[in-house]
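Sequences are here, hints too, so could you generate the full structure?
First to last, the sequence lines map onto chains A and B. Here the first sequence is numbered in the working numbering, starting from 1 and rising by one per residue. Here the second sequence is numbered in the working numbering, starting from 1 and rising by one per residue.
None of these hints come from the bench; they were simulated from the model. Keep in mind that this is a model prediction, so the values were computed, not measured. A virtual CB, placed ideally from N, CA and C, is assigned to each residue, including glycine. Don't take each hint at face value.
Sample of chain B residues facing chain A (criterion: CB under 8 Å; computed from the structure) [stated by the list, open to error]:
| # | residue |
| --- | --- |
| 1 | 125 |
| 2 | 126 |
| 3 | 216 |
| 4 | 253 |
| 5 | 254 |
| 6 | 258 |
| 7 | 259 |
| 8 | 275 |
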Amino acid sequence: MSPVLLEARGLRRHYPIGRGLWLGRRGRLLRAVDGVDLEVRRGETLAVVGESGCGKSTLARLLLRLERPDAGTLRLDGIDLASLPERRLRPLRRRLQIVFQDPYASLNPRLSVAALVAEPLLVHGQGGAAERRARVGELLALVGLRPALADRFPHELSGGQRQRVAIARALATGPELLVADEPISALDVSVQAQVLNLLADLRARLGLALVLVTHDLAVVRHMADRVAVMYLGKIVERAPAEALLSAPRHPYSRALLAAVPRPDPARAGSRRILEGELPSPVDPPSGCRFRTRCPFAVAECARLEPPLEETVPGHAVACLRAAELPPPEPPSAAPPPAALARRLALLEAARDNPAAEC
Amino acid sequence: MHLLEVENLSVAFSSDGRLLPVLDGVSLELEAGRTLGLVGESGCGKSLTALAVMGLLPRPQARVTAGSVRLEGRDLLRLSDRVLRALRGSRMAMIFQEPTTSLNPVLSIGDQLVEVIRHHQRVGPAEARERALEILARVRVSEPARRLSQYPHELSGGLRQRVMIAMALVNHPALLIADEPTTALDVTIQAQILELIRALQAGTGTAVLLITHDLGVVAETAHEVAVMYAGRIVERAPVDALFADPQHPYTIGLMGSIPRLDRRVDRLAVIPGAVPAPAAWGPACRFADRCPLAIARCRAERPALRPVAAGHLVACHRAPIEARVAA
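In structure tokens:
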């Protein structure tokens with residue numbers, strides 16, 4: 001296993017809310033991230049999964065120290081970023097970068113592609129004008145953009161191209177950790193695969209650690225080495241991706257997996273559906289936060305908060321009943337339609353050999 | 001007679017004095033109790049098809065340039081606004097991706113439901129309120145009596161979508177159009193809503209036109225599927241046939257490009273390039289520029305939607321693929 005790059009212990013971020021002038025509702029807190037332990041290893045892809053409001057984006061911002069945690073430590077090579085003043089953080093920021101969900105919103109519309117990609121270099125005082133220009137060229141090539149696009153502006157680009165610019169920008173300072181927060185959610189389906197393949201290539205080529213924040217478990221299967229599943233500000237399960245997706249242990253992970261619609265008509269109507277909705281993170285249930293929707297909950301779950309414990313090395317679950325739960329249903333092992341695989345190969349071959357006219 | 005029959009429908013937007021086609025000869029049929037999935041990426045015309053059926057195309061920019069839309073035998077395009085208004089909300093209804101934009105923020109849920117009921121049914125306020133309660137219970141909204149006095153912003157996204165569905169179904173429409181009804185929802189809530197639509201359909205026989213970009217949602221919900229690309233239907237088939245035997249290179253590429261939960265592939269298949277904008281649409285095959293199988297004919301001649309098997313139509317000069325393309 002590769003060495004730990006970033007290590008979070010007891011990370012917490014609560015937002016005060018409803019503190020109006022006259023309302024007087026003091027002391028109400030939204031517990032966005034409520035005690036998270038997590039490490040990111042060099043070169044690995046770690047997926048943080050959960051539904052809206054689970055705290056995954058706040059966690060992403062905490063890991064980059066874009067937010068200051070209320071409690072806990074965040075060590076980058078042993079230095080605790082949580083308590084570091086901004087002045088001393090700044091030189092470290094080039095090592096940690098982020099790509100946001102919506103490239104329509106995250107790129108300054110008045111800057112050209114070249115200026116957008118060069119901006120982080122300027123901010124960090126890296127290189128002279130000529131060097132920066134050369135580096136911009138390199139970066140555009142790295143993310144698969146033609147050099148001619150350097151003088152274009154964001155509105156002249158497609159969604160996929162914009163997200164490539166955002167990625168080039170994040171890579172400009174040579175980071176060791178890249179956080180991608182729902183990087184494909186705003187893109188068209190046929191373009192999503194392009195960006196996922198690019199992220200996978202870059203991670204392998206540059207030896208990046210990638211933290212992928214997503215709601216999409218199929219993307220997790222495709223990309224991740226390890227997964228952390230979040231529910232209401234806490235990690236409920238943390239495991240190697242393969243283990244989590246083939247044998248999820250926490251009832252919430254199981255429900256999440258079962259709810260994903262799959263492109264397989266034979267399976268239609270067979271899924272089990274989780275009842276109820278996400279409780280408010282302002283007033284989370286006592287004990288286990290999932291107990292109000294959990295089909296396995298017992299009285300004890302309301303009293304005791306289950307700790308995140310490793311049951312098997314590398315596989316941690318926060319559930320009092322994890323050991324006694326029935327084994328999860330094996331994932332449907334329907335073979336992929338043969339025709340699809342064959343025809344995809346045909347398209348692939350034709351692409352490599354476009355002269356095959358007839 | 002089909003419940004819904006769209007024939008050769010074309011729609012154009014006027015822009016800078018010229019007409020830009022956005023829908024180009026779309027034909028589809030739908031029977032009572034069935035769900036037709038209309039699949040495609042943004043800009044392919046799937047939502048415009050729905051709006052054209054509902055008579056809700058933005059005016060005056062958009063207009064139908066050819067074709068017909070028949071619901072229960074009546075040509076909707078020839079009806080007056082008044083008659084159409086009477087049909088909307090009673091014989092046909094539509095739900096949208098974002099319920100917040102379709103619900104009135106300053107009216108309570110009860111007031112909105114009662115308004116929809118009394119607009120189409122001759123009932124007094126007390127009776128309408130009864131029916132509102134009944135429909136909320138049927139779409140499994142918890143504590144329906146309390147919801148009547150609540151406002152949209154007080155409800156969660158999932159509950160708002162249930163209220164939208166209640167409002168759409170309260171007058172027992174023959175056709176429900178659902179435009180990305182679960183795209184804004186979390187996956188566990190999405191599963192609840194799709195199941196709800198399925199259960200209601202089984203009970204009432206309402207035909208559903210389900211518009212989505214998500215092949216997983218289609219596979220689990222639709223009986224038949226139409227795949228759209230750049231203003232045209234490129235493939236139509238029963239859902240099993242489409243997934244077992246995809247024929248159009250766009251359909252194949254789309255299926256290969258989505259990551260799957262049940263297996264990990266090394267690399268996702270990629271459809272190079274991006275969806276063309278309407279201004280760049282040509283008369284021939286609009287997928288040709290992204291298609292590795294394209295030949296000269298594809299760039300010269302529009303492929304007609306023709307059968308490759310019973311009920312399975314493909315608009316591709318290269319289909320059926322194995323027979324025409326040497327491996």
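For each hint, the structure was consulted:
For residue 125 of chain B, the shortest C-beta to C-beta distance to chain A is roughly 31 Å, which exceeds 8 Å, and the interface hint is violated. For the restraint placing residue 126 of chain B at the interface with chain A, the shortest Cβ-Cβ distance is roughly 31 Å, beyond the 8 Å limit, so the hint is violated. Because the closest C-beta pair between residue 216 of chain B and chain A is about 3 Å apart, less than 8 Å, the hint holds. About 7 Å separates the beta-carbon of residue 253 of chain B from the nearest beta-carbon of chain A, less than 8 Å, and the hint is met.
Here the hint on residue 254 of chain B is kept, as its CB sits about 6 Å from the closest CB of chain A, short of 8 Å. Hint status for residue 258 of chain B relative to chain A: holds, with the closest Cβ pair at about 7 Å, below 8 Å. At a threshold of 8 Å, the smallest CB-CB gap from residue 259 of chain B to chain A is about 4 Å, leaving the interface hint in force. The interface hint given for residue 275 of chain B is met, as the beta carbon of that residue sits about 6 Å from the closest beta carbon of chain A, less than 8 Å.
In summary, the structure is inconsistent with hints 1 and 2 from the numbered list given earlier, while agreeing with the others.
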